[in-house]
Amino acid sequence: MAKPLLEVRGLKTYFFTDEGVVKAVDGVDFDIQEGEIFGLVGESGCGKSVTVLSLLRVVPSPPGRIVGGKVMFEGRDLTKISEGEMRRIRGAKISMIFQDPHSSLNPVFRIGDQIAEAIQLHQRIDKKEVPSKAAEALDLVRIPDPEDRMYQYPHQFSGGMKQRAMMAMMLACNPALLIADEPTTAVDVTIQIQILELLKELRRKRGASIMIITHNLGVIAEICDRVAVMYAGNIVEQADVVSLFEKPKHPYTLALLGTFPGAEKKRGELTVIPGFVPSLVDPPSGCKFHPRCPHAKSICTKEMPPVVEVGEGHTVRCHLYEGGKR
Amino acid sequence: MMSKAVSKMVEVRGLKKYFIAERGLFFGGKKWILAVDGVDFHIEKGEIFGLVGESGCGKSTVGKLILGLLKPTAGRIYSDGQDIADMNGGEVRKLRRRMSIVYQHPYSSFNPRMLVRDIVGRPLETFGIAKGKEKDELVAKALKEVGLNPEHMFRYPHEFSGGQQQRIAVARVLALNPDFVVLDEPTSALDMSVQAHILNLLGHLQQKYNFSYLFISHDLNVIEHMSDRIGVMYVGKLLEVATREELYENPLHPYTRFLLDAVLVPNPKRRRKREILGGEVPSSINPPPGCRFHPRCPYAMDVCRREFPELVDVGRNHQVACHLVSRK
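In order, the protein sequences belong to chains A and B. Taking our numbering, the leading residue of the first sequence gets 1, the next gets one more, and so forth. Taking our numbering, the leading residue of the second sequence gets 1, the next gets one more, and so forth.
Just to be clear, a hint being listed does not mean it is correct.
[To be verified] In the DSS-like style, the derived pairs of lysine-lysine whose C-alpha atoms are separated by at most 27 Å in a straight line are: (1) Lys8/B / Lys208/B; (2) Lys273/B / Lys247/A; (3) Lys205/A / Lys269/B.
[To be verified] Which chain A residues face chain B? A few, computed with CB under 8 Å, are given here: (4) Glu197; (5) Val219; (6) Glu222; (7) Phe245; (8) Thr271.
No lab work stands behind these hints: they were computed from the structure. For glycine and all other residues, C-beta sits at the position ideal for the given N, C-alpha and C.
Here chain A stands alone, though its shape is the one from the complex (with noise of 0.2 Å):
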C-alpha cells in the first residue's frame, strides 16, 4: 500500500482540570489514503472530536494538550512543527468543516467576501480574479445564482446552504484532507443527502480524502470507506466499511448497531448497552468498556487489552480475539 496521506500514532490528549486529568484522547493510532473517506464514529463524549482539533493543533489550551504521540502529514509531525509552520497547513492543506455553519460564518460579511479572505490568506492570486473564483466555489457547491449569492448574508441562506457555503470556503483552497465534523447532524433529511452527495462528488473530482466524525452509523455505511469506533478515549475497533457492519469483533461496535432502529428491526427491541459512558477522570480499568460487557472476563478488569488484528486492516482492542481465538 502506498503511504498514508496522514498517519496518526500514539496520540495523547489530556485536559487538565480542577477536577482532575481528562484522558479525552488516550492513544489513538490510525491512518488515512490519498483519496480515502475515513469515518470516525462514537457517541458524545468518547474523545472524536478532540482528537480532529488536535490533529489541526487547536484543542483549547490550557486546559487542554498534546502530551505524546505524533501526527505525520506530508513527512512532517504535525505536533513537532513551529506554529507558523502549522498556520500554512490549516485551511490550506487540511481543512475543517464544523457541524454548526451558523457559528463558523461571521454575521456581518457577505458570504463572498468570507469565501474571498479565505482564498487570500492561503494563495497567492491576482486580487482581480478572487470574485470569480469565490462564485466558482459557491457553483461547485451547488449554490444557485452564485454571482448573485455572493453579495448576501449568512441570514440569507438557510442551514443547508450556510454548511454549502462553509464547504465552499474550504474548497476554495483545495485541501488534501477535508475534515467534516458531524457534517449533517444539523440539517433536515434531504438536506443531509445533498450533503453526502456533494462530499462523495468532491472526492472524486479532486481526489481529496475526507475524514468523517459523526455518530450516525447510516452516515458511515453511505459514504466511508473505512471506519474507526472510538470509546472512551480508544479507538476500538478499525475495519473496511463492509466488514464492520457485517462481521463487528468488537462488544461495543457490535451493541452500537443493535441499537440503531428503522427497517432491518421492525419494531423489535432495541439492544441496549447498560450502565453509562464511564467519566475520563476516573475511567474504569483494564479495558474501559469492561463495566458494560457482557463478556468481560477477570483479564479485562486489570489489562488494557493490546490491538489484536483479526482480519485484513481489520483491527479490534478486546482481549476476547487475543491470539486469534473466535
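With the hints as your guide, set chain B onto chain A.
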C-alpha cells in the same frame, strides 16, 4: 390493535394555526406564518401515530394545538368524540390530566431549582390526585417504572445525564396516568445507545398501559420503528397518511418517496444512486400556492400550481393529497 369499532382518542378536522410574522409600521402590512394550514387526521385508542416532516413543517405546532397549549386559528379538535371547544372549564381540566407531553429538551421543561420529587409530584398536587406521603409514593413508583432509583427524587435535574432527564420527563407524565401523550422529538438530542433505552421504555409503557401516542420526529428510522400509522407533513399540510407497512412499502406522494429514499441504513452494501431532491423547504410565510410541494416536484402539472389537492382515501387505510393520485 383491537376491532374496527375502537373509538378515536383524538381527531382533528381542518386544523389551522397562523402566527403573525411581522407587522407593518403604519399600514396593515401583516405577514402570516401558515404553520398549520388545514390538517385532518385521527389517532385511535392505544395507537402510536407518527408525525414526520422536516424542520418548520408544523409538526410540533400540531402537538401543541391538540394539547391546548396553543389556540387554533380554525378547525376542530375532538377528544373521545367531544369537541374540546364546547367543553367547560372543569371538563378541560380533566382532559388536561389525561393528555400530556414529553419535549425534546427535557431540561428546559424543568425548574432547575426544584427537586425531582417536586418536578414529578407537582402535577399530582395541581390535579388534586395526591399529596404528602401518598404523592411521594406515586413519585417513587413512577421513577422506578422509568428505570430510575426512587432515591433520585431528592436530587436536582442538573445532576442527571440527558437520557436520565428524559426519563424524569417520562416519569412526570406517567405519574398522572394519562391516556394520550405527545412525544415531541423525545430522542433527537440523545446519543444512539441512550436513544435505544428511551425508545424501548416508551414502547414498554405503551404496551403496558395502552397509551395513545402522537410521536413527532424528523427521523424516519425512529418513526418506522415506533409507529402504527404515520402522517407526513410538509409546510403546514398533511401530504400522506397510512399504516407503517403501507407507507414504507407503497408510498404514493412524490415527497414521501423522496423522503424515504433519503433514509440512511446501516448497511454499506445497500448504497445506491439516490434521486436528489433539489431546492429547499419553502418558508411557511407566503408558502407556494396550490400544492406546497409543486416547486420541487418533478411531476408537477398545471393544476398543482393552482389548487391544493384534497387528502383522498385510496383504500388499505391509506390517504394521500396529490393530484397525480386523485387523477387515476
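Against the structure, the hints:
no.	hint	in the structure
1	Lys8/B / Lys208/B	holds, 19 Å
2	Lys273/B / Lys247/A	holds, 25 Å
3	Lys205/A / Lys269/B	holds, 23 Å
4	Glu197	holds, 6 Å
5	Val219	holds, 6 Å
6	Glu222	holds, 5 Å
7	Phe245	holds, 6 Å
8	Thr271	holds, 6 Å
Of the numbered hints listed earlier, not one is contradicted by the structure.
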